[in-house]
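Sequence order for the protein chains is V and S.
Reminder that position 54 of the first sequence reads as 54 in my numbering, one-by-one numbering, no gaps.
Reminder that position 204 of the second sequence reads as 204 in my numbering, one-by-one numbering, no gaps.
These are calculated hints, taken from the structure and not from any lab test.
Do not take every clue at face value.
What the hints assert, rightly or not - Here are a few chain V residues that face chain S, going by a calculated C-beta distance under 7 angstroms:
(1) Lys16
(2) Asp34
(3) Ala36
(4) Val37
(5) Val47
(6) Ser48
(7) Ala93
(8) Gly127
(9) Asp272
(10) Leu273
Note that CB positions come from ideal geometry on N, CA and C, so glycine has one too.
Number of protein chains: 2
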Amino acid sequence: MDGDTLASAGERAALKRIIARLPSAAAIEGPGDDAAVLAAPDGRYVVSTDLRVHGPDFRLAWSSFEDLGWKAAASNLADIAAMGARPTALVVALVAPPSTPVADLEALADGLRLGCEALAPAAGVVGGDLSTGDVLTIAVTVFGDLEGRAPVLRRGARPGDVLAVAGPLGRAATGLRLLFRDAVDADGVPDEVAFGGVARDHPDLISAQLRPTPPIAAGVAAAEAGGTAMLDISDGLLLDAGRIAEASGVAIDLDSGALAEDVERISALAPDLASEAFGLALSGGEDHALLAAFPGPPPSGFRAIGRVLDGSGVTVDGADPSRARAGWDPFDDWDGAAG
Amino acid sequence: MDGDTLASAGERAALKRIIARLPSAAAIEGPGDDAAVLAAPDGRYVVSTDLRVHGPDFRLAWSSFEDLGWKAAASNLADIAAMGARPTALVVALVAPPSTPVADLEALADGLRLGCEALAPAAGVVGGDLSTGDVLTIAVTVFGDLEGRAPVLRRGARPGDVLAVAGPLGRAATGLRLLFRDAVDADGVPDEVAFGGVARDHPDLISAQLRPTPPIAAGVAAAEAGGTAMLDISDGLLLDAGRIAEASGVAIDLDSGALAEDVERISALAPDLASEAFGLALSGGEDHALLAAFPGPPPSGFRAIGRVLDGSGVTVDGADPSRARAGWDPFDDWDGAAG
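Put together the whole structure using the sequences plus the hints.
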């Protein structure tokens, strides 16, 4: 049984084993028919989709199948949270090589389940598709419920709003930097043995990259607190703040001092990257922190990180961000004990 | 501009060109934010997902990018129709090699648009994801509206019901048979030049395989007529009738005479496959015809094809289907002029 592959077990038997490990969700009709039927109590539903491919998006030398499931859940749940909605359900389509052990696909299902349980306990998998192919690929579509609230879009920020973030910044990117620097062989190819050492030395940063924990519940909290604009930071604070600025037709000024705790934490966890910590906090993606604008003080779970102004573009301490990134020295401009 | 690839144009510019060709749908919030917001007027929504990979699921030597888009739309829309729902929207996640011409991705978008326009004019693309990777892969999740009706599941067929089908049977499978037999090179590898000849000689059958036209509107008609069970035939009448029988806890007897028009048509379009036409009509998938059970006469667009009985399993003319398939000779048992 444990030696079964997708090819030797057959799709039907493999699916039965996988489905048993998936998180379940309340559904009017769940998996097993041509389609699922889900409830939309307030007459609307929120939808986002995302696809990850082995190679460009993840490496099996670094990510376990359980990690893959967790991250697929986490990053998709964050898109729903970023609308101010509560995640309700996912559908998952998977391509795996015929030689894939069914036990690995069970581990992927475990990761989906553990990720949902930790981040959005009401959400579960209500449908899917399993195909064979050469390249492991995971496509997730995720659904959410606005519970009567207006969605919090990117375009609603107004001059005078406080910009605030929920969740740490830069840790996932620091983990990725460590992986590409130290978890590779002499030719720069991701290497499982080298990975073991990095993961042992930097568990928090590697976990931030492979099993991110976006603050899903903060999305609803932001909407309830009157958030005017929100997104999840997938490409870095600077770039994603620029997206809110552009969509809203405003300028955003970030306060470098508000990044002090991120810089300190990154520097403590990876002292040899301390000189890059500010850049990693400012530009590192994939933590899926939630970035939102509020007309008043941000709610619990958020910390103020900048201001919304008239104009366009993003500045840091009122200056061009490239100058901020190049010129900022955590041991000079800021007194944190950075390792 | 026309020489641009995904790599040379960049994701953002490529997406702009692709999105302009996609079908649009009514959405509370469409593409461009973290997620879309869709209306569910009766407080429920129907969801199905499907993923196609170059190699196992399609070949670019045979399918144009426009064909791929059309078929992705058609097969997914059929899953919504098979619930008795009206398709409303799709999200599409795509992996394409960096060398893919943007014009090819525009053609894929054209196919999605043309397929939706032809089969379900209200449905459009409300979100998506574009990634690069080695293997062209298309993941579609599709949504539908039950408009207050109960979903028509697989498990509701009752003894005494009439089994009926909307749409032709076996043509897509006959097209695929021709492709694998004649549209390959000497080593059996799909070949673009050989394909040209097959497509010219058998346009209807090749089109049935590459650009299927499932009877989407018949899904709502079946629900309104009190259909007790329904699915779309993706794996062949015999196998899919077995799914209704198993889910409903009933037996199904198919009437071979009701397949006469399918057998005649296949035989006329591919005379050298006439001896296999019955088997192709009985077991060929991918036409996405709708198979449904009705307590009374089937509605317009459906033709009776069998009966629901007490018991289990599927028979043809009261006998084991393997005997029916092996023993049936269209020129002996049935007087159709089969080419």
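Hint-by-hint comparison with the structure:
1. Among the interface hints, the one on lysine 16(V) is violated; its C-beta lies about 14 angstroms from the nearest C-beta in chain S, farther than the 7 angstroms criterion.
2. A cut of 7 angstroms between beta carbons decides the hint on aspartate 34(V): the least distance to chain S is about 4 angstroms, and the hint holds.
3. The interface hint given for alanine 36(V) holds, since its Cβ lies 5 angstroms from the closest Cβ of chain S, which is under the 7 angstroms cut-off.
4. With 7 angstroms as the threshold, the beta carbon of valine 37(V) comes within range of chain S, its nearest partner Cβ sitting at about 5 angstroms, so the hint holds.
5. Checking valine 47(V) against chain S by beta carbon gives a least distance of about 5 angstroms; that is within 7 angstroms, so the hint holds.
6. Hint status for serine 48(V) relative to chain S: holds, with the closest Cβ pair at about 4 angstroms, below 7 angstroms.
7. Nearest Cβ of chain S to the Cβ of alanine 93(V): about 4 angstroms, under the 7 angstroms cut. The hint holds.
8. A cut of 7 angstroms between beta carbons decides the hint on glycine 127(V): the least distance to chain S is about 6 angstroms, and the hint holds.
9. This hint is violated: aspartate 272(V) has a C-beta 32 angstroms from the nearest C-beta of chain S, more than the 7 angstroms allowed.
10. Contact between leucine 273(V) and chain S, as hinted, is not supported at the beta carbon level, the nearest pair being about 28 angstroms apart and thus beyond 7 angstroms.
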